[in-house]
Amino acid sequence: MEARFKPGDAVRVRKAYPLGHIRTPFYIRGHSGVIERICGGFGNPEELAQMRSGEPKQPLYRVRFRQKEVWPGYRGSDDDVVEVEIFQHWLE
Amino acid sequence: MSDNGTYQPYSYFQLMEVSLRELLVEKGIVTEAQVAATVADMRERTPERGAKVVAHAWVDDGYRKKLLADGSRACEELGLDVPALRLVVVENTPQTHNMIVCTLCSYYPRMLLGIPPDWYKSRNYRSRAVSEPRAVLSEFGLHIDEQTKIRVHDSTADMRYLVLPMRPAGTHGWSEERLASIVTRDCMIGVAVPKIS
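Taken in sequence, the protein lines are chains A and B. Per this note's numbering, the first sequence runs over residues 1 to 92. Per this note's numbering, the second sequence runs over residues 1 to 197.
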């Protein structure tokens, strides 16, 4: 599957709560960040967990978020970031 | 039997391990020799492997650049087999401190650091490393000043991470072996920095 985003693009993580084996942490859902890098194509873990093939492979990104945007009341520098691996179908 | 020969009853998990292993062997899925070889291989994976990579990057700037660009390939160059491991190496600088966590489970670069410490798998570390990294680091005895930016890396999917710490002052002329001796496991997770004792 083709990568829809490139490094530097602004993205938002879908705020969705489907059941199953989801590798998008709850704390980051609904937050906005910037693509740090494209990691490559990997089997979709939500499919793999159901003993399916995981194909087509999904582009996986590292997305950078500002800590102060993620955690209200975050204590630290304005520049502190958290970087999370997120699959393309979780980004908009 | 424990290693020193005294009898101790199996714990629940030991009993489960033995039962599962014996069943797998009985059904011909694995052999005892394969299990023994895999255990021996896991025991060989220690943080010394990661320390060797870090020390080499400290003395060879070309290697350092390769390591940051493609961690897996750079490790192969040192004879470290990193199958199916997509290694992202993140570099500490005077401006940036890096720290690794896996909030969802306990993904860890076992090929380079061996078995993760219990605290790495604890709910406390996993939840607080992302939400209050500075407080967590100070509990490890590491105080990062406000001017230094903290980058927390949440290892949620297929990547594995290694922190390349800064080479401390006062190590000029040291051999790679001596440099490697100050690179601890915690330095490569990002909860400590190398120190000259």
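Don't take every hint at face value.
Unchecked claim - Simulated restraints, written as ranges between beta carbons of each label pair:
id : chain 1 : residue 1 : chain 2 : residue 2 : range
1  : B       : Gly28     : A       : Ala3      : 39 to 45 Å
2  : A       : Glu2      : B       : Arg21     : 40 to 46 Å
3  : A       : Gly43     : B       : Ser11     : 47 to 53 Å
4  : A       : Arg4      : B       : Met42     : 36 to 42 Å
5  : B       : Lys121    : A       : Ile38     : 24 to 30 Å
6  : B       : Arg21     : A       : Gly8      : 46 to 52 Å
7  : B       : Glu22     : A       : Arg12     : 49 to 55 Å
8  : A       : Arg4      : B       : Pro116    : 29 to 35 Å
9  : A       : Pro7      : B       : Glu17     : 29 to 35 Å
10 : A       : Gly43     : B       : Glu177    : 36 to 42 Å
11 : A       : Arg12     : B       : Glu48     : 41 to 47 Å
12 : A       : Arg12     : B       : Thr31     : 31 to 37 Å
These aren't lab readings, by the way, just hints derived from the structure by calculation. The beta-carbon is built from N, C-alpha and C at its ideal position, and this holds for glycine as well.
Now for the hints, and whether the structure bears them out:
Checked against the given bound of 39 to 45 Å, the beta carbons of Gly28/B and Ala3/A, roughly 44 Å apart, stay inside it. For Glu2/A paired with Arg21/B, a C-beta distance near 44 Å keeps the hint of 40 to 46 Å intact. For the pair Gly43/A and Ser11/B, the beta carbons lie near 35 Å from each other, so the given range of 47 to 53 Å is not met. Look at Arg4/A against Met42/B: about 39 Å separates their beta carbons, and that is inside 36 to 42 Å.
Checking the proposed 24 to 30 Å range against Lys121/B and Ile38/A shows it holds: the Cβ atoms sit about 29 Å from each other. One distance hint, 46 to 52 Å for the beta-carbon pair Arg21/B and Gly8/A, holds here, with the actual separation near 50 Å. In this structure the supplied range 49 to 55 Å holds for Glu22/B paired with Arg12/A, their Cβ-Cβ distance being about 51 Å. Distance hint check for Arg4/A and Pro116/B: the Cβ-Cβ separation is about 34 Å, which falls inside the suggested range of 29 to 35 Å.
Take Pro7/A and Glu17/B: their Cβ atoms lie about 44 Å apart, and the range 29 to 35 Å is violated. As the Cβ distance of Gly43/A to Glu177/B is approximately 40 Å, the hint placing it in 36 to 42 Å holds. With their beta carbons about 42 Å apart, Arg12/A and Glu48/B fall inside the hinted range of 41 to 47 Å. Separation of Arg12/A from Thr31/B is about 51 Å and departs from the stated range, judged on CB atoms against 31 to 37 Å.
The earlier numbered hints that this structure contradicts are 3, 9 and 12.
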